[in-house]
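Engineer: Sequence:
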Amino acid sequence: MTFQSGCEYVLAEHTVSQSEASGLYPFKLMARHYKRKSTDHVTYLRWIRLRIDNVNYKLMNKQLFIGSDVEQTPYYTDHMSIVLRPDNAMILTTDFGLSVEFKGYTASVSLDKAYSGQVTGLCGDCDGDASNDCEGNGDEAIAQCTSAWATGECDPLVPYDGCLENPDNVDQATEYCGILTDDSGPFKVCRDVVDMNELVSACGYDLCVTLPSKALLCDHLDNAARVCNEAGVNVGDWRDLAKVCANKCPAGTIYNSCGNPSPKHALAKQPIVDLTVLTSVNVL
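The numbering of the sequence shown is the working numbering, which starts it at 31 and goes up by one.
Since the hints were derived computationally from the structure, they do not count as laboratory data. Watch out, some of these pointers could steer you wrong.
[What the hints assert, rightly or not] Below 20 Å or equal to it, Euclidean Cα-Cα: the simulated SDA-like pairs (lysine to any residue) are:
#1 Lys273 to Gly208
#2 Lys273 to Ala261
#3 Lys65 to Leu54
#4 Lys88 to Arg62
#5 Lys218 to Ser231
Hey, can you work out the whole structure from these sequences and the hints?
Structural biologist: Structure below.
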């Protein structure tokens, strides 16, 4: 599913009233999409905001904001940790089963299975069935689904087919995103476990719009590697095998595709549902 409206959206929410009945911790997770230029046909993820206990925690530009104040990371409380990894990914982990990874223009959200059917928002109800998260297909259905979870003022939603409008980019976008389905590529080992169709479609859309820049290709491949790893398939050092998106680690660190994002402060329960928000695509 693609949409290009600049807006803040509710990704997932378990309200206080729901919490009184369920006994689960209430929270509200939001994301802001924006256009870097008024003429852009792709919106980018600017920030992720978590509201718990009447406090706003915002992840933006590799920084943590609590309210309007910038706080140093790593940041720890009894119930939450927020760290900035050497690869510039921000990792938010709670003890009630919510975890968020925000890197570049991509965020991934995981939620404990206890919340299955107990949350609402753009990412669905967390019951493992994506088909009931947004009814219908096409531009009208997408507009209705996204507007239902928009907050505040939003840029108008203008239907736009990136590949149809940029036919000269289609072949190159198909070639680059074909890394995900290449029989000799690093993601081959994952194709029997993970449906690559949505990932390829999302990648192709963004590249059709943004080529010759390949910046978003790396975001999409990085996200695919994460999805595969969470499905139990290690694609290894896909950057080296695909010969794109070299991971430059700071001095004194090494790249580990299976590293623990926060070994010092492992709070989260084991999640079973992952909700992914990409630059222009929300996988529901």
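Engineer: For every hint, state whether the structure bears it out.
Structural biologist: Hints, one by one, checked against the model:
1. About 13 Å separates the Cα atoms of Lys273 and Gly208, which keeps this hinted pair within 20 Å; it holds.
2. Taking the CA atoms of Lys273 and Ala261, the gap is about 24 Å. The hint is violated against a cut of 20 Å.
3. Among the hinted pairs, Lys65 with Leu54 is inconsistent with the structure: their alpha-carbon atoms are about 36 Å apart, more than 20 Å.
4. Note on Lys88 and Arg62: the hinted pairing holds, with a Cα-Cα distance of about 10 Å set against a maximum of 20 Å.
5. Taking the CA atoms of Lys218 and Ser231, the gap is about 17 Å. The hint holds against a cut of 20 Å.
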